[in-house]
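Chemist: Each chain is listed here by its residues.
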Amino acid sequence: MATPQPLLDPEAMQRLARLDLLARQVVEGTLAGLHRSVFHGFSIEFLQHRPYVSGDDLRCLDWKVLGRTDRYYVREFEDETNLRATILLDASGSMGYRSGVVSKLDYAIRLAASLAYLLVEQQDSAGLVVFDERDRALLPSRTGRRQLKAIFDELERTTAGGETSLAKAIHGLVSRISRRGLVLVLTDAFDDVEALLNALARLRSAHHEVIVFQILDRREVDFDFGRWTRFDSLESDDEKILADPAQVRRTYLERFEAFQRSLREGCHRHRVDIVPIVTDVRYDEALAGFLASRGTRE
Amino acid sequence: MTFLNEILLLGMAAMAVPLILHLIRRRRYQVVPWGAMHLLAAAVTKRTRSIRLEQLLLVAVRMAILGLLAAAMARPALDSLGDAAGALRGKRAVGVVVDVSYSLEFGGAKARVRAAVEAIAASLGEGDTIAIVAAGTSSRVVLHLTSHEAADEGGELEAALDGIESAGTARLAAGIGEAWSLLASAEVANREVFVISDSQAINWLPDRRDQMREILSAVRRDPNGARVAWVTDGGVSDAAAAIDLGQPFLGGVRLSEGFYAAREAIEVRVAVVPRRPIDGGRVTLLVDGIEFGTAEIGTLDGAEREVIFRPQFESTGSHWVEARLDGVVGRSDTRSFAALVTRGRMPVLIVDGAPRSGRLKSAVGFVQLALDPYSGRRSVFDVGLARADALTPSALVGVSVVVLANVRSFKQEIVAELEKFVKAGGGLVVFCGDRVDPDRYNAAFRRDGAGLLPAELLVESPSVPADETGVGIEIAAADRFAELGSDAFQGVRVTRWIPARLLDSGNGTRVLLELSNGDPLLIERRLEHGRVVFCTTSATNDWSNLPLRPIFLPFVQDLVLSLGAGVSSSRTLAPGEAIELPLSKALVDSHVTLRLPDGRENRGMSFLRGTRALFEYRNTSAPGLYVVTVDGKDPEHFAVTTTREESDLTALETSEVRRFLGEFGVELVVGVDGVEDFLRQQRYGVEVWKPLVAIVLLLAFFELFLVRWIERGRGSTP
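As they're listed, the protein sequences go chains U and B. Following our numbering, the numbering of the first sequence begins with 1 at its first residue and continues without gaps. Following our numbering, the numbering of the second sequence begins with 299 at its first residue and continues without gaps.
Read the hints as simulated data drawn from the structure, not as lab findings. There may be inaccurate statements among the hints.
Unchecked claim - Covered stretches of chain B, going by a simulated chain U footprint (3 or more residues, C-beta under 8 angstroms): (1) 320-328; (2) 349-357.
What the hints assert, rightly or not - Sample of chain U residues with no beta-carbon within 12 angstroms of chain B, all distances over it, derived: (3) Gln48; (4) Arg146; (5) Ala150; (6) Arg204; (7) Gly226; (8) Ser236; (9) Val248.
Owing to the predicted nature of the structure, the values given are computational and were not obtained by experimental measurement. Using N, Cα and C, we set each Cβ at its ideal position, and we do this for glycine too.
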């Protein structure tokens, strides 16, 4: 493994045009200090017990069997080192919002690149679906550097536009992914919550593990505008609202909190991990926080 | 409502600023491409109505702040209701009563009083009039009612203010009455009296409160009465700081009453009144400027102490004494003065109506013995004798007192001389006896009330039956015989007297002693400069046992001394009391020099009053020694002493003064600033800028709160 490079904040990372370099920096920097085997046994089906032989990973030892029988057995999993992950990237208009240098889509793209790099480096397969109200790109899950380059190329071409239709995209994905795996959804989730949750439930019912990375901008969270503002919708040219933000702030935040709460509860109900990330958080922190929680759960 | 700074009302145009800013802000908005429209739209839809209300309220509050601020700066005034409103519609006559008690000299009180009077004068308008009364021991009009323009331009106001000096104790009720009577002559709708006084507690003693109650009630009841305002300058406490109230002061110098004879010891009593226990100090007495003696005070625990000196004046004439309290600093009432006139022996002529040989055989004998009881020792009295039938007018020359003892009658010429003698200041004592004929006396001496007799003698001469022991004597004029004591005549029995009926009681005639049955015994009558004392019994022991009683000697001496001392031998006056120096007629229109206590000299002239010349000076407000010199002759001394109570600068609580005055609708104003505010309120009404500013501050806080309330809930984390 290469010497970990210092990680930069999102604005600085923005200047790094090549996704591959960026992803490498993020991942290697993130994984510095984390055990490489954090993804080991990651969402894989148990197959059988077999006797322990010298050289087996002690983490696969079944300690309960040892306790009961005083014999050493390891657990075998189906496709133990071959995780099939699909990255679902929301490229709708709302993802194009930026209050600073980095838009939500920019952030999601870099995060997606980092996740793809991590997966491929782990010898897992990674795929990509880019959508707005329709699928814009579909790369089935594969391993290898060629796949990684294809993913990076697609990500670099991705721009925000169109309306959000996350539920539809997810429903479409379910029919395309035959084998269960990991679905990483990068979105702001600014859609019909119930429809979204239903779609996520469908993924879960297809035995996929689902993680939703909810990408948000700080201003969407705080709504700290100081003067009269005309808010123009990023997804519809007709929708414009002129308001004194000070007067609607409280109600907006209440609405936002309610939205987040229902999303959170729904995901919890369907055993979907949801990771809200604000775009002013460093990539490594976002990724490391998530990976650490995954490692703890494992 | 009126505005004192009308031009600043233009500032109310600033009210438009918040509205304009609001409109500008609405137009000058930023454009933000937004993703979470569904959340924003829901928020805006929910609060559309309340958003509008909040915007309106905020703009309205901001406009109100600016508008009210501009209004406050324009100094609005609400017209007062009632009398003040009417006061603005007509000319005013203003009387200013100034408390010129001694405390005026302390703590800058005079300057404050002047400032208050000037403020009042400055508030007057065209055609208004002003008068100023100085209320001291007596009231003095320092400025008669005059138009304030004339008073101002002619310098009369300035001169009146310059002439205000302290004059003893303030008699404010009298001062108010004086001012009120001055205003009564003004043909105006609005009369106002301003009383300027410190809150010295001694001005509020019960008797003075009663006087004030009476005058303030009278003013209030009078339909043409005046509106009264009381200005307290609050300066007594400052004066108290200038004077250490803890120090003792001299309570005054008292001389023994009566006739002061040269080469006779005179008792001078000096009272020392401490305000707190003191240890040490001494009293020094100076006689005619020369130190006579010193007495150590020792320790005083708060009680008054009297120190007695007995100086002797070698020469006759005017003299003065000064008592000093040493060991204390800075108080002018630690010096006290007294002045007096000493004379040689008093010439007394006893006219014998029934000469008998032997000293205790006749009335003359008893009287002579009483006046000159000690053989071989000089008496104060130079007693001469004359037979009634040989009396001539020349015998009266140079005599101070004539005693008629059992005289039957006189020639008309002698009666006329006796009348002149008494009117010129002489004293006449008449004792009855068996030779006195009531009819003759009534005819010769009474002259239907114009003569010397103070009473009509009744013919009947009752005598007490043999089995009774006589009637007693009671003192009718207690002040007259205070020195002798109230029981002085106990044991005296009168068996014979001539009944008398007073001719004109109260008009200088009064009963000094009466018998226990009510008949007058000793009757006094003032006749111009002299007095007559008529005794209805005799000076012998056959009509009463009085001549044989120990009281007889002091009684006769006291009687003769008081008659022979003239109008006054004492020249010690209270502040404000006029100096009156009688002179012989030959000294009319003479040049008179008066040296005042502060060393300044005044020049004046004597003038004719009645049958004699007189020099008079009224402005005796300053305590100390006044020296009068007529045509370069020997100086005559007068002493003015402060009243003891004026040294007490304890102030009455303002709340108590306000409460008392409130009963009569009198407003209390505190300080010169208070006077200006009061006058302004009178003229323009009550200023309300302060409440407006308070409202502005409240609105400002409310605006802050409103903004915070609208913007609440800033920030949250996902």
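Chemist: For this structure, which hints from the list above don't hold up?
Modeler: 7, 8 and 9
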